[in-house]
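Novice: Going line by line, the protein sequences match chains X and Z.
Quick note on this note's numbering: the first sequence kicks off at 1 and runs consecutively.
Quick note on this note's numbering: the second sequence kicks off at 115 and runs consecutively.
One thing to keep in mind: the hints can contain errors.
What the hints assert, rightly or not - Examples of chain Z residues lying across from chain X (beta carbon under 8 Å, computed):
hint	residue
1	Arg-155
2	Ala-199
3	Gly-213
4	Leu-215
Since the hints were made in silico from the structure, they are not lab data.
Even glycine gets a Cβ: it sits at the ideal position worked out from N, Cα and C.
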Amino acid sequence: KAGVTQTPRYLIKTRGQQVTLSCSPISGHRSVSWYQQTPGQGLQFLFEYFSETQRNKGNFPGRFSGRQFSNSRSEMNVSTLELGDSALYLCASRPTGGPLYGYTFGSGTRLTVV
Amino acid sequence: SQQGEEDPQALSIQEGENATMNCSYKTSINNLQWYRQNSGRGLVHLILIRSNEREKHSGRLRVTLDTSKKSSSLLITASRAADTASYFCATADATDSWGKLQFGAGTQVVVTP
Chain X
1 KAGVTQTPRY LIKTRGQQVT LSCSPISGHR SVSWYQQTPG QGLQFLFEYF SETQRNKGNF
61 PGRFSGRQFS NSRSEMNVST LELGDSALYL CASRPTGGPL YGYTFGSGTR LTVV
Chain Z
115 SQQGEEDPQA LSIQEGENAT MNCSYKTSIN NLQWYRQNSG RGLVHLILIR SNEREKHSGR
175 LRVTLDTSKK SSSLLITASR AADTASYFCA TADATDSWGK LQFGAGTQVV VTP
């Protein structure tokens, strides 16, 4: 069974640019969550999608957005990049069943903004 | 903001010893989960304990949960060099749990041969 796949693995962007990160969940998982990990703030929740609907959103500015497709694949977009957006972005999926299950995380996309 | 704190921040032990780390949190929860992360890679789910459970075992892992104290502990018995990693506790809030986990700052564990 394939795990959660995130692409690309590494990305270098310039301030002011925008970036799109992709996440393919485990087959059959309809819930996809995104997290940002930085040395200073740790792991912070960005948003969660289920059946193409955003069900929850963390405390991030509107420059951070996401979407989910009918095949459960998800993308997140960051516009007008700032140096502080440099981070490891992690995607996670889980089976339907809510709090009964843990999450399977991808290996992450490491974004560097210069 | 992070849900709670983990203690200790770092732990250095020898192979064969036990490693214990603690996690405190602030709100009512549905469940508490522990994850492992190797060198800035993805997180690996270790164990989930529900709010109505007090103890759970999985292989060399033992997790306890005390909801009255809003705390949990993770015990790794007979540590191996491969257990070297950062360990995070994460909670699913009872009132805001849709896909959202709140993570602690993590405990960095180093197991030396």
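Novice: Quick one, is the Ala-199 (chain Z) hint okay against chain X at 8 Å, beta carbons?
Specialist: Violated: closest Cβ of chain X sits about 13 Å from Ala-199 (chain Z), beyond 8 Å.
Novice: Do the numbers back the hint for Arg-155 (chain Z), that is, is its least Cβ distance to chain X under 8 Å?
Specialist: 5 Å, holds
Novice: Do the numbers back the hint for Leu-215 (chain Z), that is, is its least Cβ distance to chain X under 8 Å?
Specialist: This interface hint holds because 7 Å falls under the 8 Å limit.
Novice: Under the criterion of a CB-CB separation shorter than 8 Å, is Gly-213 (chain Z) in contact with chain X as hinted?
Specialist: Holds. Min distance 2 Å.
Going down the numbered hints, you'll see the structure goes against just number 2.
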